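Asks: Given the sequences, and given the hints that come with them, work out the whole structure.
As you go down the protein sequences, you meet chains A and B in turn.
Numbered continuously in this note's numbering, the first sequence closes out at residue 181.
Numbered continuously in this note's numbering, the second sequence closes out at residue 424.
Simulated from the structure, these hints should not be mistaken for lab results.
Incorrect hints may appear among the rest.
Okay, derived cross-link-like pairs now, DSS-like style, lysine-lysine, Cα gap no bigger than 30 Å in a straight line [said to hold, decoys possible]: (1) LYS143(A) / LYS257(B); (2) LYS215(B) / LYS143(A); (3) LYS156(A) / LYS215(B); (4) LYS135(A) / LYS67(A); (5) LYS85(A) / LYS97(A); (6) LYS85(A) / LYS168(B); (7) LYS236(B) / LYS97(A); (8) LYS89(A) / LYS67(A); (9) LYS89(A) / LYS151(B).
Pair by pair, the computed Cβ-Cβ distance ranges are [claimed, not checked]: (10) SER81(A) / ILE37(B): 41 to 47 Å; (11) VAL160(A) / ASN234(B): 25 to 31 Å; (12) GLN410(B) / LYS72(A): 56 to 62 Å.
Keep in mind the model is a prediction, meaning the values are calculated, not measured.
Even for Gly, the Cβ is constructed at its ideal location relative to N, Cα and C.
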Amino acid sequence: MRKFFTLSISLIFLAGLVGCGSQPPAPEQAGAGVEDRTPSAVSTAPVTPVTVGQGDLYGIAALKDPKSPLSKRSIYFDYDSYVVKDEFKSLLDHHAKFLVKNGQMKMLIQGHADERGSREYNLALGQKRAEAVRKALILLGAKDAQLESVSLGEEKPACVDQSESCWAQNRRGDMLYSGEF
Amino acid sequence: MKKLKSLFFVGIFLATAASVSLAQLSIEITGAGAHRIPVAVTDFAGERVISQALTSVVRSDLERSGLFLMVDAAGALLNEGAVPNYPEWKAKGADALAAGSVNVMPDGRYETRFRLHDTQKQAAIAGQALAHNATQIRTTAHRIADIIYEKLTGERGIFSTRIAYVMKSVGRYELQIADADGNGAQVALASKEPIISPAWSPDGGRLAYVSFEAKKPVVYVHDLVTGRRHVAANFKGSNSAPAWSPDGARLAVVLTKNGNSQLYVVNVDGSGVTRLAGSSGIDTEPQFSPDGAFIYFTSDRGGSPQIYRQPVDGGPAQRITFDGSYNVTPRLSPDGKSLAYVSRDSGRFRVTIMDLGTRQTQILTDTAKDESPSFSPNGRMILFATEVGGRGVLAAVSTDGRVKHRLSVQAADVREPAWGPLNK
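Replies: Quick look at the structure:
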């Protein structure tokens, strides 16, 4: 039973790595695989149904499950601020739990700044935001070796209009996992 | 093919040094100096044998500097050996007159000779013969303009120098090198990911810059002739803001190995990383003073980004800027006496200059989104990036704020300029 579980997890992991942007691996496949092995003769052996994505909140597949909080990857900051706001603390908590459970997974945290002012100074501001995310994840149990905080400064804006609502979208930290960067 | 594919896979390919960019920078003069020297440059005898005019380049170089008033010399054809009618040229208002000739040599190359005359002294004051081929006509013209400029102003001309900048079009970034007048642009590096902060080596042969091709900022050093490049700083975190030491042996860089952006020095090959200065906040945008004794940099250690300097050999940092809440990107003049930087005032970011002796400051521009000031190697002009009509353009302003011109290109953003050194 455990073997099948491991196998399906590995397959899902591979699919996740290869199929960038494809459908999340269907959880039913794992269940079906188990049922196929059920002998046709009457058996009383217990079967534990495994449903990846629901039962396993912090499995690899959850990263691509739009219903999982782990699919949310951005933390937004106030102007000239590097403080992680309370509204993002539960999101960071979920990601920290995932990193603790999946010690082999690494995360690249990319900090961003809005376009006003010097490019190099904005790069430093983005770094401060990425660093705030990294420190929060460490406090929540993630290992230092799993995390790298870098900055893309003002170079990769999510929004290019010159307005406050747009700039607010550009003051952010993005979390990317192994296979995504 | 396979090789090409893998290069594309990492999002980057090196263009050959010979490839010429199609997007040509065009120049527009928007201001001139108060006291201009009236000078006439006649057409050179035999100039018509070359398809590309030579003297028109000399004239536009001199005019763009803002220090010369071009006296009309139309119709006059004078070779370098002829004695000009000095009173006639003086009557036309010319204090100086350049005349010359272009001749085809037996090997098919050209020889351009010219002579510069002083109409007051009624004497020749400079002259030179330059051998060149058909592709070096503009280069020859820039050399002649440099000689005229130096003879009449007493300072080095910068018409033969080159500039580096980044051109951004949809999904493509190009690090380009062009003549100081924006002509003859060549692509040194093309990438799908951003390129920022190009910095010329003191010998003009290499550029250090930051490329994001590895999904994070990494500092590279790039040899322009061979196209070969190597990683100079790629530590955990971000690597940025390279600045050459005056001897060309080391780079000041910003690393985030320990969290925030801090100053370090590395050898150009990436070895021997040492911490330079320390603060609990942001330290960035390092720049060596021309004598190599100080590092100027931007820091938010006082609560807002301001410019500081610190002895390279150790010692306390000293704050340099005090006016306003945002002063960034320090750039020293070649003589080390002035500091150009970007200051924010009422939401406008403008190039400002400070006399380091008196601490007097002057805002030099009337634009609002200035970035990346860079001195010409004679210290007379400052090249910078700004925005006009929603598009990134390069502009230049003289250190007295009077002479202004602009370099722009259709359908692309131009940014991150760096003015190269004098030709040796």
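Asks: Check each numbered hint against the structure and report the violated ones by number, ascending.
Replies: 6, 9, 10 and 12
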